[in-house]
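Visitor: Residue numbers (my numbering), protein chains in the order written: chain A, 6 to 457; chain B, 6 to 457.
Just so you know, these hints were derived from the structure itself, not from any lab. Hints should not be assumed to be uniformly reliable.
Any copy, or any two copies together, can satisfy a pair, since identical chains are not distinguished.
Cut-off 27 Å, straight-line C-alpha distance, at most; resulting in silico cross-link-like pairs (BS3-like, lysine-lysine) [claimed, not checked]:
id: 1; residue 1: K201; residue 2: K136
id: 2; residue 1: K13; residue 2: K171
id: 3; residue 1: K149; residue 2: K171
id: 4; residue 1: K171; residue 2: K278
There are 2 protein chains.
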Amino acid sequence: MNERTLVKNLAALPDGPVTIAGWVETVRDQKKVQFVILRDESGAVQVVNPALRELPEPVEGEAADETAPARLATTEAISALAHGSFIRVTGELKHDERVKLGGLEVKLATLEVVSESNPETPIAADSSLDKRLDWRFLDLRNPKQALIFRIQTTFLHALRGVWVEKGLIEIQTPKLMASASESRAELFEVDYFEGKAYLAQSPQFFKQMAQAAGFGGIFEVGPAFRADPSFTSRHATEFTSVDTEISWIDSHEDVMALHEELLVAGFEAVVAKHGAEIQEHFGIELAVPSRPFPRIPLAEAKQIVADHGYVVPRADADMDPEGERQISAYVKETFGHDFVFLTDYASSIRPFYHMRHEGDASLTNSYDLIYNGVEISTGAQREHRVDVLVEQAKEKGLDPEELEFYLDFFRFGVPPHGGFGMGLARVLMLMLGESSIRETTFLFRGPTRLLP
Amino acid sequence: MNERTLVKNLAALPDGPVTIAGWVETVRDQKKVQFVILRDESGAVQVVNPALRELPEPVEGEAADETAPARLATTEAISALAHGSFIRVTGELKHDERVKLGGLEVKLATLEVVSESNPETPIAADSSLDKRLDWRFLDLRNPKQALIFRIQTTFLHALRGVWVEKGLIEIQTPKLMASASESRAELFEVDYFEGKAYLAQSPQFFKQMAQAAGFGGIFEVGPAFRADPSFTSRHATEFTSVDTEISWIDSHEDVMALHEELLVAGFEAVVAKHGAEIQEHFGIELAVPSRPFPRIPLAEAKQIVADHGYVVPRADADMDPEGERQISAYVKETFGHDFVFLTDYASSIRPFYHMRHEGDASLTNSYDLIYNGVEISTGAQREHRVDVLVEQAKEKGLDPEELEFYLDFFRFGVPPHGGFGMGLARVLMLMLGESSIRETTFLFRGPTRLLP
Chain A
6 MNERTLVKNL AALPDGPVTI AGWVETVRDQ KKVQFVILRD ESGAVQVVNP ALRELPEPVE
66 GEAADETAPA RLATTEAISA LAHGSFIRVT GELKHDERVK LGGLEVKLAT LEVVSESNPE
126 TPIAADSSLD KRLDWRFLDL RNPKQALIFR IQTTFLHALR GVWVEKGLIE IQTPKLMASA
186 SESRAELFEV DYFEGKAYLA QSPQFFKQMA QAAGFGGIFE VGPAFRADPS FTSRHATEFT
246 SVDTEISWID SHEDVMALHE ELLVAGFEAV VAKHGAEIQE HFGIELAVPS RPFPRIPLAE
306 AKQIVADHGY VVPRADADMD PEGERQISAY VKETFGHDFV FLTDYASSIR PFYHMRHEGD
366 ASLTNSYDLI YNGVEISTGA QREHRVDVLV EQAKEKGLDP EELEFYLDFF RFGVPPHGGF
426 GMGLARVLML MLGESSIRET TFLFRGPTRL LP
Chain B
6 MNERTLVKNL AALPDGPVTI AGWVETVRDQ KKVQFVILRD ESGAVQVVNP ALRELPEPVE
66 GEAADETAPA RLATTEAISA LAHGSFIRVT GELKHDERVK LGGLEVKLAT LEVVSESNPE
126 TPIAADSSLD KRLDWRFLDL RNPKQALIFR IQTTFLHALR GVWVEKGLIE IQTPKLMASA
186 SESRAELFEV DYFEGKAYLA QSPQFFKQMA QAAGFGGIFE VGPAFRADPS FTSRHATEFT
246 SVDTEISWID SHEDVMALHE ELLVAGFEAV VAKHGAEIQE HFGIELAVPS RPFPRIPLAE
306 AKQIVADHGY VVPRADADMD PEGERQISAY VKETFGHDFV FLTDYASSIR PFYHMRHEGD
366 ASLTNSYDLI YNGVEISTGA QREHRVDVLV EQAKEKGLDP EELEFYLDFF RFGVPPHGGF
426 GMGLARVLML MLGESSIRET TFLFRGPTRL LP
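Excised from the complex, chain A in its bound form (with noise of 0.2 Å):
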């Protein structure tokens, strides 16, 4: 491996010979000195070379300057850098407080031009959105947007180690199924063989069969799929999503615990190892959220926002995304929370597979988990009753036949059980005040794009 000293490690060194290697944020080519920003997947450097521009002139009895053609050529080559390049630099580490990045530079002893880049950058920094889609792989060396990355990681390794601890089962579920597992409406068809075969919209009816299976309790994190042709910040057509299942719930009150629990879990590690940078470059002071989140029944909730003036223009029971928006910064203004889990939503508006409240049929076992005036998530307790699932699969219109594959899952005992599925890129971007999950997203795929 190539010895090299990441630059965040520089400032723990004493002065003396490094290697390091990045690509050239800028140069500065001064006439007597040269400047250039090295970035790294860990930060930026200035690296500073005395130019020689010319060989001395010769002088008669003195020998000449050996070194100079080499110095010469390393002044020419810095010169000739493009913005972009990967290079490796090795020199000597100096810490000098009036450097103002990072109170360090290296003073070049040796450059190698490794990758050279095409001069013409196609994007800079007031690029539309979209131009930078274009060009990802550039937009990501903007150390804010990699962060971003980095940042999910430590999340999504909290999450884990929550479920972990817990002895959940980590389970990978089939993306290619032989029916629709959500809606008809927004599946992709594939060409299987001589057959079609259908991109699954979520491990939803997977993650139940583990429960069958007897395993207790999974998570999972995986891509999933929708054809849904719409354009918004919140919406893709391919999405990575979280999702977990336990068994032997009572309620769903027992699954928005266990949410909870994992978000403060993920907060937690995210503000301890990237709090400084998130306040640097977003300017956000990230805080770990309290438990409990606040609940609301989501009649509830509507009945709120409508005394503030905000009727949300439905005709079915949910809410609007304006109404989310509303109520949670009544919830912020209230409670002083960023979450709101909206509870016991009517049974007219969630899936069949949704238990209902004993007792009162219209209503479920069900909550939404708002976060900063978006849903992120959707969890319930599901219905273990196979009569009960068929009936009520049959008043939402779906034939049991097609179904009949999961509804054996039902049919040799299932405990009472319950989950959620979050959109992984809706937390990044919430947690980030960012506009769009195409920020938050490392390759976004939506209807007119599949590129790069």
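Keeping the supplied structure of chain A fixed, place chain B upon it in accordance with the hints.
Guide: Below, chain B alone, put in the same frame as chain A:
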């Protein structure tokens, strides 16, 4: 949450009242006493109930036994219990060395049948693999099958621990692509609004993109898709690929070093947590492999097996599955090692993006990792010089125009890099001596299997 004690935690408890919940594995319904083996995700325990077969005759002058009706009802409920039903039991835990199953039993106080199973179980211990896969959720109730996924959970968590510790970034690459990532021949086509998309055969292009983005190193565990019509024990149309890619390498040797480190960490965690269970269920004394793993150039490996009497029946430079078994046996005998890196594959049998030897373009900086006779992984240093890459693509008969989006990644500088992809189900299959990846995949997908 329902208060229940996991079966595995009973041993550490003193005698006294407990609540347990799980499914009925067996019922022994003797005249005077009934035994139920209750299994949950952590283990099995014997529940014992003194049978009361009929209400005692009233005896004049004595008060009737008020508990008798309930005891009669419980006895009858146990007699009627179907294998597989989920039950909740309260009772008295009693440690008793004479009880074979864990040296303890629970004397039943109350029984709740939470979810009844259809009494006719469609699979038995001797059912064919295909039949078991039809009823995978029942098959997975077998503690041996479930253990596979607990092992997988431990294994993956250990790998991620290494990656996170090293500062690598977790990415989720898109599975919907505008064109092929590997081979046109094994590509699934998706109807994508007015056009077509293709399912990613590997995250290859995107994990390389992350290097051009300056991420330094990345990892991903996610699905990959191959429209491969073969029915071998090692192939699936959808499989979980374990991927990593790192920058600033000198050669594929750096990739192999990381590969070893990850596997050793995974095996250490699995042996520590599940060693005894693996011995019990699979009869295998799993050991942590020693580093370094043996390395043999492919040409030399072919010579070795030829010297042992097996000439690989292929016209090209490649190994075949039987050759892999034989070289693996040779390595086991010679070096006592279960793993072997076969290195320096011929350029003619490697993809265009593998870097070739400096000074000998007929060989690549690549390897396959063979474990217990089967290939589990391919790794390589990638070609990062765009002009060379274009030439190599052309030489392989690829049209650079179709690869434009990928070639762009190399036009703005990219550090030397490499990585590997590893089939998760194969690792588990070989670790546990299973005969097929169908056993070690949560839900197998093949040319004729999309259900359940």
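Visitor: For each hint, tell me whether it holds in the structure or not.
Guide: Okay, the hints, checked on the actual structure:
With identical chains, the CA atoms of K201 and K136 are at most 27 Å apart between copies only, with a shortest distance of 22 Å across copies and 35 Å within one. In the homo-oligomer, the alpha carbons of K13 and K171 lie at most 27 Å apart only across protomers (13 Å), although the nearest pairing inside one protomer, at 35 Å, exceeds that limit. Only between protomers do K149 and K171 lie at most 27 Å apart by alpha-carbon distance; the minimum there is 20 Å, versus 34 Å within a single protomer. Within a single copy, K171 and K278 get their C-alpha atoms as close as 23 Å, and across copies as close as 14 Å, so both meet the 27 Å cut-off.
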